[in-house]
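Could you build all of it, start to finish, from the sequences and the hints given here?
Protein chains in written order, with the numbering used here: chain F, 1 to 157; chain G, 1 to 728.
Treat the hints loosely; a few may be bogus.
[What the hints assert, rightly or not] From the derived model, a few chain G residues whose C-beta atoms are all more than 10 Å from chain F:
no., residue
1, Gly-200
2, Val-242
3, Pro-562
[Said to hold, decoys possible] One side only, chain G facing chain F, incomplete, derived with CB under 10 Å:
no., residue
4, Gln-76
5, Gln-215
6, Asn-664
Don't read these hints as lab results, they were simulated from the structure. Virtual Cβ for every residue (Gly too), placed ideally from N, Cα, C.
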Amino acid sequence: MSYQLKINGQLMQADVAADTPLLWVLRDTLKLKGTKFGCGMAQCGACTVHLDGKPVRSCVTPISAVKDRAITTIEGIANSELGQQVQQAWKILDVPQCGYCQAGQMMSALALLRQFPQPTDAQIASGMKGNLCRCATYHRIKQAIQQVAQHTDKEAS
Amino acid sequence: MTSQNSAIKPQTSGYSRRAFLRASAILGGGLFVGLYLPKGVAAATDGTDSWTLNAYIRIGSDDSIRIMAVAPEIGQGIKTSLPMVIADELDVAWEQVQVEQAPVMPEIYGRQSAGGSRSTPIHFEEHRRIGAATRQMLLQAAAAQWQVPVAECRSQQGKILHVSGRSLRYGELAAAAAKQAAPELTSVALKTDAQLQIVGKFTAGVDNDAIVSGQPLFGIDVELPGMLYAVYQKCPVFGGTVKHANVAQLEKLPGVRKVLVVSGNGDFYGLDAGVAIVADSWWQAQKARQQLQVTWLDSKATGQSNAEFDRLAHALKSQMPTQILRNDGDIEHCFAGAAKVLQADYYYPFVAHGQLEPMNCSAQWQDGKLSLWAPTQNPVGGQKQVAQVLGIKEQDITIHVMRSGGGFGRRLFNDYMAEVAWIAREVGAPVKLLWSREDDFQHDFYRPAGYHSCKLALDAEGKLIGLQDHFITFGAQGRPLLAAQMNSDIFPAGFIPNLQYGSSLIPAHIPTGWLRAPGSNALAWVFQSLLDEAAHAIGQDPLALQLALLAQPVGDLGSFNPQRMTAVLQAVAERSGWGRKVAAGHGLGIACYYSHAGYFAEVVEVSVNQGKLQIHKVWAVGDVGKYIVNPSGAMHQVQGSILDGLSQALYQQVPIDGGAKLVNYHQHKMLTMAEVPEVDVEFLKTDYPTTGLGEPALPPVIPALCNAIFAATGKRIRQLPITADMLT
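This is the structure in structure tokens:
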């Protein structure tokens with residue numbers, strides 16, 4: 001089957017079987033390697049991308065279910081100002097250890113910050129608990145989210 | 001400052017092995033680190049205007065400084081921290097520096113594996129001297145150009161200055177400096193502590209730009225032209241071999257190019273048997289696997305199970321240990337005359353690594369030579385293993401070390417390299433092998449389980465006078481499995497007059513291996529829990545008991561330094577407010593451990609309410625010597641190790657029934673954002689050599705947690721992982 005996909009603002013085409021998970025279309029067909037494979041059953045969050053701005057696990061999202069929704073991956077995170085702020089905070093605070101889960105963490109953080117520009121501890125916990133970090137960089141991830149929130153707060157006031 | 005990973009694309013690095021061997025022959029060989037800087041090879045081919053000063057440093061006319069990272073990066077931060085050490089002594093600004101992953105050439109770079117927290121202790125001093133010697137070459141070049149004595153010149157942040165006020169940038173001097181003789185590494189002058197400008201500063205990881213923008217970086221991201229993708233199905237029972245597989249049927253499925261039955265060599269640490277499915281895409285290979293039907297042949301693992309292990313352990317417990325590891329004083333006499341004897345049995349399970357990037361490797365076989373792109377902790381070991389399995393020469397194998405999505409010891413074993421090498425040679429096309437998460441949990445090299453049957457003897461004054469541990473572990477052919485042995489010098493050995501460590505073996509056929517802080521991650525829990533038991537039995541403060549023991553060594557201590565341990569214990573007690581009154585239902589636990597040359601003491605505060613455990617805070621104080629090279633990475637390693645240990649204690653075990661009976665993270669959980677306690681970290685900087693931080697912070701946290709649970713509830717945790725029924 002041929003699928004027209006809108007990825008990070010660009011139109012792309014993939015000729016794959018309907019049940020192929022979006023993750024493998026991104027990684028192996030379209031060579032967008034930023035989205036990571038961790039578990040294959042929506043348990044670790046490493047494959048998180050956005051469909052129309054909402055975080056989904058691409059490892060369990062068949063390509064046929066994407067339809068005309070806009071896909072945003074880590075490669076396109078800098079397309080929004082908030083996404084750039086997330087990148088900056090991640091770099092300045094040196095969030096990554098191995099870095100493998102961080103694309104998924106950042107995509108979840110971006111969705112969280114869109115929903116709650118000033119997230120409480122409880123909102124951070126519930127918004128991020130589906131993203132595992134085997135190196136356990138959770139303290140820095142939380143700090144980075146709070147840093148972006150502070151920045152947004154200052155701009156708003 | 002940026003990082004380049006030249007191995008992403010299949011191109012050869014400027015430093016090829018053959019070129020180096022040629023240079024080495026010209027210079028008469030003997031160019032080992034420790035005396036002289038190994039010469040690099042002029043990289044005239046890369047088109048940039050830059051000069052190779054030696055195997056570690058290249059300087060461009062634009063003042064760019066390229067530094068080689070010698071050890072594999074697995075998240076421990078070594079790709080950032082060791083180049084920092086060179087850059088500081090070279091006297092350049094960190095912003096000028098680009099870091100490149102060094103080719104695998106141990107004859108030049110020395111040890112190039114990532115394990116045992118060894119990279120820092122092995123390379124730190126050497127890297128300082130490499131930076132300093134290269135700076136000396138730049139000084140010599142400037143002095144020669146100006147025709148002045150070297151003593152009249154000094155360096156400053158990428159420039160050489162002369163007393164007259166003249167100056168030259170490193171970029172202007174690089175060509176001339178490359179021709180200078182390298183000074184002896186042992187004689188170069190190093191910066192004073194006050195002069196250090198990079199070492200000791202919070203420094204962000206060199207690959208961060210690539211990570212936050214999703215650029216290809218990890219082993220799994222490698223792309224080769226015309227690459228095929230493979231999965232490899234192994235027997236659900238460890239070591240089982242293939243009798244029959246429906247090869248012809250699978251080869252008709254969409255995208256499938258080849259299905260191979262691989263007999264292997266009957267060795268987990270060589271090439272394990274299985275069926276390889278090679279397809280145009282990984283998903284096609286993985287989907288075809290759903291229709292794979294294999295008749296497996298039994299192996300030695302058939303019939304082994306946790307229940308059987310428990311039964312054997314119980315039987316062995318009442319017998320004498322088959323091997324005595326240490327025997328101080330007179331253990332029998334001591335127990336016969338003891339005023340009080342405590343008995344306690346401890347058990348910890350098999351544990352998997354669960355690193356987030358599943359095992360993978362890309363391979364290209366061409367004209368009898370093999371190239372591998374491997375996320376590995378142990379490239380040299382991989383090269384040997386693949387050479388042996390394929391029956392080819394080590395020098396015909398080139399390994400490109402890729403960044404690893406976590407290591408934790410798993411990637412010290414290179415089974416996936418042997419598998420893809422075999423497949424690539426058979427199919428004659430570039431292949432990427434990628435395991436599923438199920439493969440990963442079912443074919444790990446597990447942290448071995450262990451049973452400890454322990455006894456403590458107390459005299460009439462309540463003094464701990466005897467300790468006996470019968471360690472029942474796993475083995476084959478009369479020897480412990482890998483990582484299933486116990487050292488004889490574990491604290492409190494050497495501090496108790498009568499002490500016996502002995503071991504017996506349960507026969508098992510299980511792939512086992514090193515997991516972050518191997519041995520220590522389990523043994524710390526046993527021995528530090530035992531000391532806590534002793535303290536409570538005699539009504540003594542657990543900290544006071546440990547300090548009293550440390551103050552009075554009675555036997556051989558090995559490399560253990562009781563003063564250093566005393567200092568971290570006292571510091572963590574102060575930082576955590578040890579001895580303070582805590583809220584109802586709360587408890588504080590303390591533990592310490594020496595491993596991987598590092599000393600750590602930790603306190604955990606928990607509360608338990610109606611069987612629900614909450615971990616409120618962890619305090620850690622460590623002594624890893626004189627320098628904390630990168631405070632960012634150091635903090636990461638300590639906090640990460642502690643949360644790793646807590647995950648292990650709370651959630652992790654691998655059930656065994658022939659093979660490993662688990663499939664994914666829901667059965668081998670780790671802490672999430674919703675559960676992490678605050679972790680407070682302090683380093684005591686001492687005059688001892690600088691050592692590594694990948695591991696030593698992990699071991700104490702598990703006993704500190706369990707001791708805190710005891711303080712809160714009176715329930716002693718003698719089996720891991722901790723379950724709700726143990727708390728009420």
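A quick look at each hint next to the structure:
no.: 1; hint: Gly-200; in the structure: 15 Å, holds
no.: 2; hint: Val-242; in the structure: 24 Å, holds
no.: 3; hint: Pro-562; in the structure: 31 Å, holds
no.: 4; hint: Gln-76; in the structure: 7 Å, holds
no.: 5; hint: Gln-215; in the structure: 7 Å, holds
no.: 6; hint: Asn-664; in the structure: 6 Å, holds
In terms of the numbered hints stated before, the structure departs from none.
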